[in-house]
Amino acid sequence: MKYLHLVWTALFRRKTRTAFTLLSVLAAFLLFGMLDAVRTAFDAGTNAAGVDRMIVSSRFSIIQPLPYSLLNQIQTVPGVKAVAYANWFGGTYQDPKNFFPNFAISPNYLDLYPEIVLSPAERKAFDATRTGAVVGATLARRFGWKIGDKIPLIGSIFPKRDGGSTWTFDLVGIFKVRNPQLKGLEQQMLFHWKYFDEANAYYRNQVGWYIVKVADPAQSDRIAQTIDRLSQNSDHETRTETEQAFQLAFAKQIGDIGLIVGGIMAAVFFTLLLLTGNTMAQAVRERIPELAVLKTLGFSNRTVLLLVLAESMLLIVLGGVLGLGLAALLLPAVNAAAGGQIVLPPVGMATWTLGIALMLVIGLVVGALPALRGMRLNIVDALAGR
Amino acid sequence: MTALVEIRKLSKTYVRGKQKVEVLHGVELDIAAGDFLALMGPSGSGKTTLLNLIGGLDTPSAGSITVGGQRIDQLGSGALARWRASHVGFVFQFYNLLPMLSAQKNVELPLLLTRLSAAQRRRNASIALQLVGLQDRATHKPNELSGGQQQRVAIARAFVSDPALLVCDEPTGDLDRQSAEEVLGLLQRLNREHGKTIVMVTHDPKAAEYATHTLHLDKGELVEAAVMAH
Numbered sequence: 000m001k002y003l004h005l006v007w008t009a010l011f012r013r014k015t016r017t018a019f020t021l022l023s024v025l026a027a028f029l030l031f032g033m034l035d036a037v038r039t040a041f042d043a044g045t046n047a048a049g050v051d052r053m054i055v056s057s058r059f060s061i062i063q064p065l066p067y068s069l070l071n072q073i074q075t076v077p078g079v080k081a082v083a084y085a086n087w088f089g090g091t092y093q094d095p096k097n098f099f100p101n102f103a104i105s106p107n108y109l110d111l112y113p114e115i116v117l118s119p120a121e122r123k124a125f126d127a128t129r130t131g132a133v134v135g136a137t138l139a140r141r142f143g144w145k146i147g148d149k150i151p152l153i154g155s156i157f158p159k160r161d162g163g164s165t166w167t168f169d170l171v172g173i174f175k176v177r178n179p180q181l182k183g184l185e186q187q188m189l190f191h192w193k194y195f196d197e198a199n200a201y202y203r204n205q206v207g208w209y210i211v212k213v214a215d216p217a218q219s220d221r222i223a224q225t226i227d228r229l230s231q232n233s234d235h236e237t238r239t240e241t242e243q244a245f246q247l248a249f250a251k252q253i254g255d256i257g258l259i260v261g262g263i264m265a266a267v268f269f270t271l272l273l274l275t276g277n278t279m280a281q282a283v284r285e286r287i288p289e290l291a292v293l294k295t296l297g298f299s300n301r302t303v304l305l306l307v308l309a310e311s312m313l314l315i316v317l318g319g320v321l322g323l324g325l326a327a328l329l330l331p332a333v334n335a336a337a338g339g340q341i342v343l344p345p346v347g348m349a350t351w352t353l354g355i356a357l358m359l360v361i362g363l364v365v366g367a368l369p370a371l372r373g374m375r376l377n378i379v380d381a382l383a384g385r
Numbered sequence: 000m001t002a003l004v005e006i007r008k009l010s011k012t013y014v015r016g017k018q019k020v021e022v023l024h025g026v027e028l029d030i031a032a033g034d035f036l037a038l039m040g041p042s043g044s045g046k047t048t049l050l051n052l053i054g055g056l057d058t059p060s061a062g063s064i065t066v067g068g069q070r071i072d073q074l075g076s077g078a079l080a081r082w083r084a085s086h087v088g089f090v091f092q093f094y095n096l097l098p099m100l101s102a103q104k105n106v107e108l109p110l111l112l113t114r115l116s117a118a119q120r121r122r123n124a125s126i127a128l129q130l131v132g133l134q135d136r137a138t139h140k141p142n143e144l145s146g147g148q149q150q151r152v153a154i155a156r157a158f159v160s161d162p163a164l165l166v167c168d169e170p171t172g173d174l175d176r177q178s179a180e181e182v183l184g185l186l187q188r189l190n191r192e193h194g195k196t197i198v199m200v201t202h203d204p205k206a207a208e209y210a211t212h213t214l215h216l217d218k219g220e221l222v223e224a225a226v227m228a229h
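Note that the protein sequences, when read in sequence, are chains A and B. For what it's worth, numbering that gives the first Met the number 0 labels the leading residue of the first sequence as 0, then goes sequentially. For what it's worth, numbering that gives the first Met the number 0 labels the leading residue of the second sequence as 0, then goes sequentially.
Accuracy of the hints is not assured; some may be wrong.
[What the hints assert, rightly or not] Stretches of chain A that chain B covers, calculated by requiring three or more beta carbons in the stretch to come under 8 Å of a beta carbon on chain B:
hint : segment
1    : 78-91
2    : 375-384
[What the hints assert, rightly or not] Incomplete in silico selection of chain B near chain A, CB under 7 Å:
hint : residue
3    : P59
4    : R70
5    : Q73
6    : L97
7    : M99
8    : P109
9    : E169
Rather than coming from a laboratory, the hints here were simulated on the basis of the structure. From the three backbone atoms N, C-alpha and C, an ideal C-beta is built for every residue, glycine too.
Whole structure, please, built from the sequences with the hints as guidance.
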């Protein structure tokens with residue numbers, strides 16, 4: 000600690016250059032914080048997927064429906080504890096731009112998703128109301144909905160049997176999700192499949208996918224094979240997979256977010272390495288006589304090495320912490336500006352840990368060559384300007 | 000008087016490209032404790048090289064240097080750095096203060112290598128600045144001080160850790176006459192009142208008059224020794 004002021008003053012010897020370098024480090028780690036939030040948001044569903052849940056969907060396409068009659072058959076498969084089902088509805092509110100996920104669900108769907116927290120009274124009201132719907136708190140905030148509201152959705156995919164396309168739902172509950180990784184679920188609207196099945200114009204006794212709760216996750220593979228054999232060689236062959244695999248495949252329809260984010264960050268950090276490496280090399284080159292003076296006074300080679308390394312690490316850590324801190328401040332603003340359409344998680348402990356590890360490694364790499372140069376400098380030559 | 004510095008058969012050869020240059024050869028010299036020695040001679044005579052060797056900044060090609068009973072020519076770089084920190088103070092022609100640090104912090108630098116607390120370091124540096132008459136300039140950066148003042152700060156830095164030996168390389172070479180006299184007077188006071196042994200390289204005969212002894216070097220050999228009575 001007694002050397003801190005030496006490191007600090009050396010770092011700010013050329014204020015403008017240090018300020019610009021700090022800005023570039025800040026920008027790199029701001030980007031890292033934001034992109035890691037995007038990656039985390041995509042991974043969240045996958046990582047937080049129920050380990051004891053499997054999804055049964057059409058082998059050919061997620062939009063291909065499955066017959067309702069499969070329900071009984073799946074329920075009889077050994078190892079299956081419970082079966083729920085759901086259907087994608089794709090309705091929009093007032094304007095096609097107001098898009099959010101909305102599903103028609105079976106009566107026991109919420110039992111299979113304990114992460115969706117609804118008060119007992121609201122659950123009771125939902126079960127008792129044929130046209131009832133429950134929405135996530137984020138979605139309710141987005142449109143200013145409250146319990147008791149009637150919510151008209153435009154069913155652009157599924158018109159009603161009476162010829163209209165407006166489906167009116169009674170909002171009977173607003174659910175929350177405690178796990179911050181699953182906050183995205185709070186953008187959903189859920190309503191009864193039975194109402195959907197009875198009221199839509201042409202879709203009868205069909206479901207989008209089944210959710211299977213298994214008694215023992217270790218038996219998942221066997222259960223999946225048994226379920227898929229039920230429909231073998233039919234016109235509705237199924238693919239049964241863990242919820243995690245299902246969500247991963249769904250997310251990969253957009254692209255491998257982890258790979259994209261990793262690629263961008265690798266390019267950013269590589270550029271940062273070159274930029275700050277050059278700056279540090281220049282800064283140390285200018286200070287060779289001063290380092291020689293320190294050695295003259297009795298500072299050891301090792302101390303000089305550590306002083307230069309500390310300087311480069313301080314530079315990167317300072318810029319990096321500011322960048323990640325700024326990302327932490329901006330993420331809620333981005334979420335607010337997106338009006339709930341995007342919910343990026345806050346900069347979490349994992350991101351901070353990875354970020355600080357990256358800062359230290361980059362600081363070490365950037366400072367290594369200048370530090371070695373400082374350590375090896377010959378006092379007599381350096382003082383003589385050779 | 001016992002010798003603080005004993006130099007025997009000292010030689011120093013530099014390799015510059017393919018050329019070998021013998022800068023010092025066979026130097027024999029004793030410097031008594033409490034002496035103020037001026038080293039004079041033409042450019043390239045080996046004065047600064049001899050000074051660097053005495054101060055432990057460089058290592059000899061042959062021969063021995065003993066300071067305070069310790070063979071410093073046999074020390075490794077780490078041990079030599081520790082020896083310099085506690086036994087010798089340096090004053091350079093161009094002061095060599097760290098430009099970003101205040102006078103006070105510059106003087107405190109050698110004390111960072113000691114076990115003194117921050118408060119003790121501050122106190123010792125203040126006393127050193129007081130001794131060179133610059134206590135009121137403690138917070139000033141080097142570029143806010145005149146050349147003479149900077150050199151006085153450098154002298155304070157040289158003796159703040161109380162070394163027995165001060166080595167000064169052309170300490171007045173960059174100063175006007177008045178500042179030079181102030182600096183030389185200060186060195187003389189450190190020698191006379193505080194018992195510091197001083198070895199000073201100079202081109203200036205007037206500066207050499209402040210020393211108790213003057214030695215001349217030419218082509219790497221001591222050619223003349225004059226005992227001055229002051």
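Now for the hints, and whether the structure bears them out:
1. 78-91: Contact hint for the segment 78-91 of chain A vs chain B: violated, 0 residues under 8 Å.
2. 375-384: Satisfied; 3 residues make the cut.
3. P59: Not OK, violated: B/P59 not within 7 Å of chain A, min 12 Å.
4. R70: Status violated, d = 18 Å.
5. Q73: Given a least distance of 18 Å, the restraint on B/Q73 is violated.
6. L97: holds, 6 Å
7. M99: With a closest approach of 4 Å, the B/M99 hint holds.
8. P109: holds, 5 Å
9. E169: Where the cut-off is 7 Å and the nearest Cβ of chain A is about 12 Å from B/E169, the hint is violated.
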